[in-house]
Amino acid sequence: MTADPGNDAFVVFDHVQKSYDGQTLVVKDLNLAIGKGEFLTMLGPSGSGKTTCLMMLAGFETATHGEIRLDGRNINDVPPHKRGIGMVFQNYALFPHMSVGENLSFPLEVRGMGKAERETRVARALDMVQMGRFKNRRPAQLSGGQQQRIALARALVFDPKLVLMDEPLGALDKQLREHMQFEIKALHDRLGITVVYVTHDQGEALTMSDRIAVFDDGRIQQLAAPPVLYEQPENSFVAGFIGENNALRGTIEQLQGDKALVRLGNGELIDATAVNIREVAQTTTVSIRPERVEFKPDLMPQGAHTIEAQVRDVIYMGDILRARLHVAGQDDFVMKYRNTLGQVKLSPGETIRIGWHPEDARALDPV
Amino acid sequence: MANALDPHAAIVTKAGGLDRQGTLRTADGRPLKAALARSSRRARRRAFFLVLPLLLFVLITFVLPIGQMLQRSVKNDGFSANMPQLTAWFHDNPRGTQPDDAAWAALAADLAAAAQARTIGVVGTRINYDMPGTRSLFTSAGRKARGGIDPPYRQAILDMDETWGDPKLWSVMRMAASPYTANFYLAAVDRTRDDQGQITAVPEQQQIYVKLFMRTFWLSLAITATTFLLGFPVAHLLATLPMRQSNLLMILVLLPFWTSLLVRTTSWIVLLQQQGVVNDMLVWLGLIGNGQRLQMIFNQTGTIIAMTHILLPFMILPLYSVMRTINPSYVRAARSLGATSWTAFRRIYFPQTLPGLGAGALLVFILAVGYYITPALVGGASGQLISNMIAMHMTQTLNWSMAAALAALLLAGVLILYWVYDRLVGIDNLKLG
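As they're listed, the protein sequences go chains A and B. Just so you know, the numbering used here puts 326 at position 326 of the first sequence, and the rest follows in order with no gaps. Positions in the second sequence are counted from 1; adding 367 to them yields the numbering used here.
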């Protein structure tokens, strides 16, 4: 993965490294090119370096090595207030001693804008997030969702080309969070701004992003569009981090192009697609999504290997049923199937045969 | 507007305005309020008994003595209690009446009685407060009158001393005949009463208290300002440094608390006196000549330096406790919105430290206004504060009424300041920790 030096890249991280203590690297050789108007999400567990990357882009941290370019210009030595980047903080960071209107007016004031224009802009930004009525309130008098909207409006009021969002929806409840995801996405589409979004919530990343960069251990593990990331994870970390995932451990028995035959711990054979394994006899983790597992013989693909599974328990989840299976000596195998009229009832202790399309089983590096 | 920094206040008031429809009752028909009071009565009583010792302690050692002091500032019965007959004559005859034979007879009888009872000194002291130099008049008259005074009384007494005929003396005695007087307060603001009982300013060379009050006020203000200038950066460091360094710094801030006040004050004398460390250094560096050694102690400079040092923690600690709660993302947000670091500090960070600053400033100012030991030790003549004058009246002149009046004025000044602060900033914005 190297950064695309193409002219259309709006934000470029070029071999960026960051260390806080001079002994360990928090960000290890980051290369990333973000296109103009793109919605890019940095996704990863805490401590993976994603927030550090955002802070370097915003100018609150300096890169230990490498170069960060914004619109073709090296911004390593540009102080934060001259970068012209809008930012939404995790705790909103609305100034508690100022009213909503004053909060929004602040970035315009420090840019020396006249009063009349400031007021038009503030009114426009508030209308954009449907908060026009709240201009004279204090932040503490607003609910979490309302504060979030104001923070968003404040980051956009001075028309930045790039907006950074640091887990902006983390403090909201589930329903509000989903609603705000939709609104942020709609704003992005309408205004055509570039957004770099940091989150540890993979659902949020999948629903909002054009592309997702999955961070772990200071590196980008995979950079891809949501469907690719979900369906074709390139390594075990990505497969495990995004969505629910079954991991079966085994060794490569046969390897033909990208078709692999994997022998599991109990001696059974399964088909898989080789992703980042090179040779026969290598140990591997085969990743299969729970909803791609099939147990009705007539629905199984032709010629696929099936293996025996014992039902441990079935959880009724409304729209779907979630069965925990004992497969190849592992107890944590999960299968999801739709709750349709006349669906087969599985009961604990029952033995069934399960299978899947070889493309859905991805042989990855061993965990 | 008083709650500009506390947006919650409005919400709370609204929630309090629930309207009640009839009386709510519990399941068995008792009024809900009575049931609630009953159910929490035990807990309340126990809580009351737990605080009772402290309550009594505060009452006995704090409220009663202060009340006594305040009473003393307006009441002094040194004259009225020991000169009953003359007091009765003053009561029966209005102001402006010339002392007649009855008056002189009463005076003679009282002088003789007081001399017998050995309370003539108390009487003299009381009159001396309002008319300096008259104490010996009473004591010598007492000595002569011990065996009784023979009529005609007027002549006999005037023979002892011509001063007994002075109308001012009679005016003063008339005022002292009432145990309650505002004269100590008048004296505390450099005012006195003339022969006609009118309030006038005391002669210029005797005007000391108002000047001293002003000096106390300005010095306290200067000390508050310097503690702010020195303490603000330290508090900021304390709040932002990593744990280990900030703990060490905190120990350094608190260290003065663990050292005796006298030791700290005298070490300033060692440092700042004319043959002291600082002057020696300046001379050695060639910045000043040996003959130009600076006078840095036993004057106002010394008072300001030593008291700033002693009161600094009272500014730092409230500031620190407020700064610690200010999320660094506010300043970051301001920077990302285009503010320079100075603008971010001025518009975003500083306003949020105001509750701590207010608390610290109020605390330092009030402590400084009443400070006694340090100015007494390092203040010299020009660095004395009003509290030193109060101490002098308590221990040397023994004019406790005067000391009480000065202290009461000081207390009133502090309360007014508190009230002004409440109106301007709001006392609920005070954060001490």
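Keep in mind the hints are simulated off the structure, nothing from the lab. Beta carbons are placed, not taken as given, at the ideal position from N, Cα and C, and that holds for glycine. Just to be clear, a hint being listed does not mean it is correct.
[What the hints assert, rightly or not] On the chain A side, residues computed to face chain B include the following (Cβ under 8 Å):
#  : residue
1  : F10
2  : P45
3  : A58
4  : F60
5  : P80
6  : M87
7  : N91
8  : P96
9  : F106
10 : P107
11 : V110
12 : R111
13 : R154
14 : L176
15 : Y316
[Stated by the list, open to error] A few chain A residues facing chain B, derived, Cβ under 10 Å:
#  : residue
16 : V26
17 : T62
18 : I85
19 : Y92
20 : L94
21 : F95
22 : H97
23 : G101
24 : A155
25 : F158
26 : K161
27 : A281
28 : T283
To see whether the hints hold, each was checked on the structure:
1. F10: Hint violated; F10 of chain A Cβ to chain B Cβ min 18 Å, cut 8 Å.
2. P45: With a closest approach of 21 Å, the P45 of chain A hint is violated.
3. A58: Constraint on A58 of chain A satisfied, holds at 6 Å.
4. F60: holds (6 Å)
5. P80: holds (4 Å)
6. M87: holds (4 Å)
7. N91: The hint holds - N91 of chain A has a Cβ within 8 Å of chain B, the shortest such distance being about 6 Å.
8. P96: Where the cut-off is 8 Å and the nearest Cβ of chain B is about 7 Å from P96 of chain A, the hint holds.
9. F106: At 6 Å from the nearest chain B Cβ, F106 of chain A passes the 8 Å test, so the hint holds.
10. P107: holds (4 Å)
11. V110: This hint holds: V110 of chain A lies near chain B, its Cβ roughly 5 Å from the closest one there, short of 8 Å.
12. R111: holds (6 Å)
13. R154: Holds: closest Cβ of chain B sits about 7 Å from R154 of chain A, inside 8 Å.
14. L176: Violated. Min distance 20 Å.
15. Y316: violated (40 Å)
16. V26: At 16 Å from the nearest chain B Cβ, V26 of chain A fails the 10 Å test, so the hint is violated.
17. T62: violated (14 Å)
18. I85: At 6 Å from the nearest chain B Cβ, I85 of chain A passes the 10 Å test, so the hint holds.
19. Y92: For Y92 of chain A, the interface hint holds, since the closest Cβ of chain B sits about 9 Å away, which is under 10 Å.
20. L94: At about 8 Å, which falls below the 10 Å cut-off, the nearest Cβ of chain B leaves the hint on L94 of chain A intact, so it holds.
21. F95: holds (6 Å)
22. H97: holds (5 Å)
23. G101: Cβ of G101 of chain A sits 14 Å from chain B, so the hint is violated.
24. A155: A155 of chain A check passes; min Cβ-Cβ to chain B is 8 Å, inside 10 Å.
25. F158: holds (7 Å)
26. K161: violated (14 Å)
27. A281: violated (50 Å)
28. T283: violated (43 Å)
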